[in-house]
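*Asks:* One letter stands for each residue in the lines below.
Protein chains: 2
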Amino acid sequence: MIITAEEIKSWDRIRRLNLINSITGYKPANLIGTRSSSGQDNLAIFSSVVHLGSNPALLGMITRPDVVPRHTLENIRETGVYTINHVDQSIIRQAHWTSANWDREISEFDAVGLKSDELNEINAPCVAGAPVQMAMKLVEEVSLKVNGTILVIGQLTAMRVDEGAINDDGSLDFARLGTVALTGLADYFKTIRIEKMPYAKVENWSSEK
Amino acid sequence: MIITAEEIKSWDRIRRLNLINSITGYKPANLIGTRSSSGQDNLAIFSSVVHLGSNPALLGMITRPDVVPRHTLENIRETGVYTINHVDQSIIRQAHWTSANWDREISEFDAVGLKSDELNEINAPCVAGAPVQMAMKLVEEVSLKVNGTILVIGQLTAMRVDEGAINDDGSLDFARLGTVALTGLADYFKTIRIEKMPYAKVENWSSEK
Numbered sequence: 000m001i002i003t004a005e006e007i008k009s010w011d012r013i014r015r016l017n018l019i020n021s022i023t024g025y026k027p028a029n030l031i032g033t034r035s036s037s038g039q040d041n042l043a044i045f046s047s048v049v050h051l052g053s054n055p056a057l058l059g060m061i062t063r064p065d066v067v068p069r070h071t072l073e074n075i076r077e078t079g080v081y082t083i084n085h086v087d088q089s090i091i092r093q094a095h096w097t098s099a100n101w102d103r104e105i106s107e108f109d110a111v112g113l114k115s116d117e118l119n120e121i122n123a124p125c126v127a128g129a130p131v132q133m134a135m136k137l138v139e140e141v142s143l144k145v146n147g148t149i150l151v152i153g154q155l156t157a158m159r160v161d162e163g164a165i166n167d168d169g170s171l172d173f174a175r176l177g178t179v180a181l182t183g184l185a186d187y188f189k190t191i192r193i194e195k196m197p198y199a200k201v202e203n204w205s206s207e208k
Numbered sequence: 000m001i002i003t004a005e006e007i008k009s010w011d012r013i014r015r016l017n018l019i020n021s022i023t024g025y026k027p028a029n030l031i032g033t034r035s036s037s038g039q040d041n042l043a044i045f046s047s048v049v050h051l052g053s054n055p056a057l058l059g060m061i062t063r064p065d066v067v068p069r070h071t072l073e074n075i076r077e078t079g080v081y082t083i084n085h086v087d088q089s090i091i092r093q094a095h096w097t098s099a100n101w102d103r104e105i106s107e108f109d110a111v112g113l114k115s116d117e118l119n120e121i122n123a124p125c126v127a128g129a130p131v132q133m134a135m136k137l138v139e140e141v142s143l144k145v146n147g148t149i150l151v152i153g154q155l156t157a158m159r160v161d162e163g164a165i166n167d168d169g170s171l172d173f174a175r176l177g178t179v180a181l182t183g184l185a186d187y188f189k190t191i192r193i194e195k196m197p198y199a200k201v202e203n204w205s206s207e208k
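For the protein sequence lines, the chains are A and B, in the order given.
Numbering follows numbering that gives the first Met the number 0, with no gaps: position 69 of the first sequence is 68.
Numbering follows numbering that gives the first Met the number 0, with no gaps: position 21 of the second sequence is 20.
Keep in mind the hints are simulated off the structure, nothing from the lab.
Computed from a predicted structure; not experimentally measured.
Each hint should be verified, as a subset may be incorrect.
Identical copies go unnamed one by one, so any copy, or any two together, can satisfy a pair.
Below, a list of computed lysine-lysine pairs in the BS3-like style, where the Cα atoms sit at most 25 Å apart [said to hold, decoys possible]:
1) K8 x K144
2) K114 x K195
3) K136 x K189
4) K114 x K200
5) K8 x K136
6) K189 x K114
7) K114 x K136
8) K200 x K144
9) K136 x K200
10) K8 x K189
Working from the sequences, and respecting the hints, build out all of it.
*Replies:* Below is the structure:
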């Protein structure tokens, strides 16, 4: 069936949020670790981390200044650094509950029971045991005119990962990492690899396969 | 182990591309359908579609003006519209091969063997049979100073989906859709749902669970 934007607009708010948040497909599940200038740690789940460039390694994430997790944005502005940590199957529940509206003076690490660690001496906590931990420095903040959403752009300065989780070609071995995927606001998935496709060159295409 | 950005910089280019493209975690697999002002259809796979807002429904995607799939961006600028289509298990190979450097006068629909369809009378083709098809209109184009990457922002005007693939709460039923996830440049995954977490309210948290 076809549903128009006008029809979606008439849906109740929660139903519309659930549809539009799930419409893009699978999303990454990452925990963003930050520290305020007064030393208060913060941790928040984000599903909007996106690749912007490989050399240097630039990653973006979308946030809003007016809603949870606004503490994350405030802290990044104060310190200029943050961490990105993959969510694996063992910490789904804790990761998800960082999205509750905890008071600013409460560390979500303590609230949900996750252990923090240090990474590359930056002034932001990472998640101990997370299968991929990235140290990031803020590069640019872009405010989107259309709805006030903010694209936070950071550059990777270091990462922690098990040596055995990097394939020979440099890609990460997701079966080994145990990283989960997310849809909508709160649906968590594990995965089964179907196949790795080759680099697509026109002369190698065969419709017979 | 810890790997610094300096070490990654010393890796060969392909290895670095594979690492940094996989580092964000799972990504959505979507086909973007466009048409040039002269009527030439184009189709390209993107892994960077991201949610920007729900009311109105705003979605972003990242592209670069200087690399494939640049025809997509040119066409969106010409017509102001495009479609976003979920990739399901039945079309992984065709979807992936849209990333080859096909000549501009070749329609990737014809090249890889996918059937086009019309959606909501916009001047862009959608992918017939794709489990979710979205008609989009261009709202804003944001050039990122840091590396010339472009964030294309569009507003949903209509969508096509099986009625039974929308859950009671408005979210999409991904088991039914068969949509796949992507990591890195070309690793495709199917999924198994682990659990849906509740809306996280501080007063409902229990560390006992």
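*Asks:* Please list, smallest to largest, the hint numbers that this structure does not respect.
*Replies:* 3, 8, 9 and 10
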